[in-house]
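Peer 1: So the chains spell out like this:
Number of protein chains: 2
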Amino acid sequence: MRVHICVLPKAGILDPQGKAIAGALARLGHSDVLEVRAGKVFRVDVSADDPEAARRAASRMAETLLCNPVIEDFEVEVIG
Amino acid sequence: MRVHICVLPKAGILDPQGKAIAGALARLGHSDVLEVRAGKVFRVDVSADDPEAARRAASRMAETLLCNPVIEDFEVEVIG
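Chains as they are written, first to last, in the numbering used here: chain E, 439 to 518; chain V, 439 to 518.
These aren't lab readings, by the way, just hints derived from the structure by calculation. Take these hints with a grain of salt, some might be off.
Repeated chains share a single entry, so a pair holds when one copy, or any two copies, can fit it.
Stated by the list, open to error - Simulated crosslink set (SDA-like; lysine to any residue; CA at most 20 Å straight-line):
#1 LYS448 / SER469
#2 LYS448 / HIS468
#3 LYS457 / MET439
#4 LYS457 / GLU501
#5 LYS448 / ALA491
#6 LYS448 / LEU472
#7 LYS478 / GLU501
#8 LYS457 / VAL471
#9 LYS457 / ARG498
#10 LYS457 / PRO489
#11 LYS448 / ARG498
#12 LYS478 / PHE512
#13 LYS457 / ALA491
#14 LYS448 / ASP488
#15 LYS457 / LEU503
Work out the full structure: start from the sequences and follow the hints.
Peer 2: This is the structure we're talking about:
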């Protein structure tokens, strides 16, 4: 099964890359942008039998390697 | 509305970061990992009236700034 693990800066943590992107989008005419946060995504193909097992495995991966819990939050999304 | 724009290396493009992460996960005991691709995610809050308008706006952002179509693909997901 395929999962996306999205790792983004926690609320309250400065994100200069996201700010710069929001400014660039505004200059390019995207006046509808309110806020941008920039992070990392990991697309993992995992040999799990069902979506719930894939979600649990992905959460363990984020907790053990992919996410720094001091400054980052993560979300897991099972693609299928 | 909130959208996630996931930007990942195209199929066939080498992804040494993803390979390194797959190796590290295997060494940490995640024997169920088949493949990892590493990319960027942008969480954008956009002032759109409906999910379809938010999706269209996010696609334009990816095409004009966030994604390099030579080596990257993008996916838009409307969070709500």
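Peer 1: Each hint needs a verdict: does it hold in this structure or not?
Peer 2: Quick rundown of the hints versus the structure:
1. Proximity of LYS448 to SER469 under the C-alpha cut-off of 20 Å is found in neither arrangement, the shortest distances being 25 Å within a copy and 29 Å between copies.
2. Neither within a single protomer nor between protomers do LYS448 and HIS468 lie at most 20 Å apart by alpha-carbon distance, with minima of 25 Å and 26 Å respectively.
3. Taking the shortest alpha-carbon separations for LYS457 and MET439, only the inter-copy value of 18 Å comes in at or below 20 Å, while the best intra-copy value is 34 Å.
4. For the identical chains of this complex, LYS457 and GLU501 are inter-copy neighbours only, at 19 Å across copies versus 27 Å inside a copy, given an alpha-carbon limit of 20 Å.
5. Proximity of LYS448 and ALA491 under a CA criterion of 20 Å is satisfied in neither setting, with 26 Å inside one chain copy and 27 Å between copies.
6. With identical chains, the CA atoms of LYS448 and LEU472 are at most 20 Å apart within one copy only, with a shortest distance of 17 Å there and 29 Å across copies.
7. Taking the shortest Cα distances, LYS478 and GLU501 sit within 20 Å of each other both inside one copy (14 Å) and across copies (19 Å).
8. In this assembly of identical chains, LYS457 and VAL471 lie within 20 Å of each other by CA distance solely inside one copy; the values are 11 Å within and 34 Å between copies.
9. When the C-alpha separation of LYS457 and ARG498 is checked against a cutoff of 20 Å, the pair qualifies only between copies, where the shortest distance is 18 Å, while the shortest distance within a copy is 30 Å.
10. With identical chains, the CA atoms of LYS457 and PRO489 are never at most 20 Å apart, being 35 Å at best within one copy and 23 Å at best between copies.
11. With identical chains, the CA atoms of LYS448 and ARG498 are at most 20 Å apart within one copy only, with a shortest distance of 19 Å there and 26 Å across copies.
12. Taking the shortest alpha-carbon separations for LYS478 and PHE512, both the intra-copy value of 9 Å and the inter-copy value of 13 Å come in at or below 20 Å.
13. In this assembly of identical chains, LYS457 and ALA491 lie within 20 Å of each other by CA distance neither inside one copy nor across copies; the values are 36 Å within and 23 Å between.
14. In this assembly of identical chains, LYS448 and ASP488 lie within 20 Å of each other by CA distance neither inside one copy nor across copies; the values are 29 Å within and 26 Å between.
15. For the identical chains of this complex, LYS457 and LEU503 are inter-copy neighbours only, at 14 Å across copies versus 26 Å inside a copy, given an alpha-carbon limit of 20 Å.
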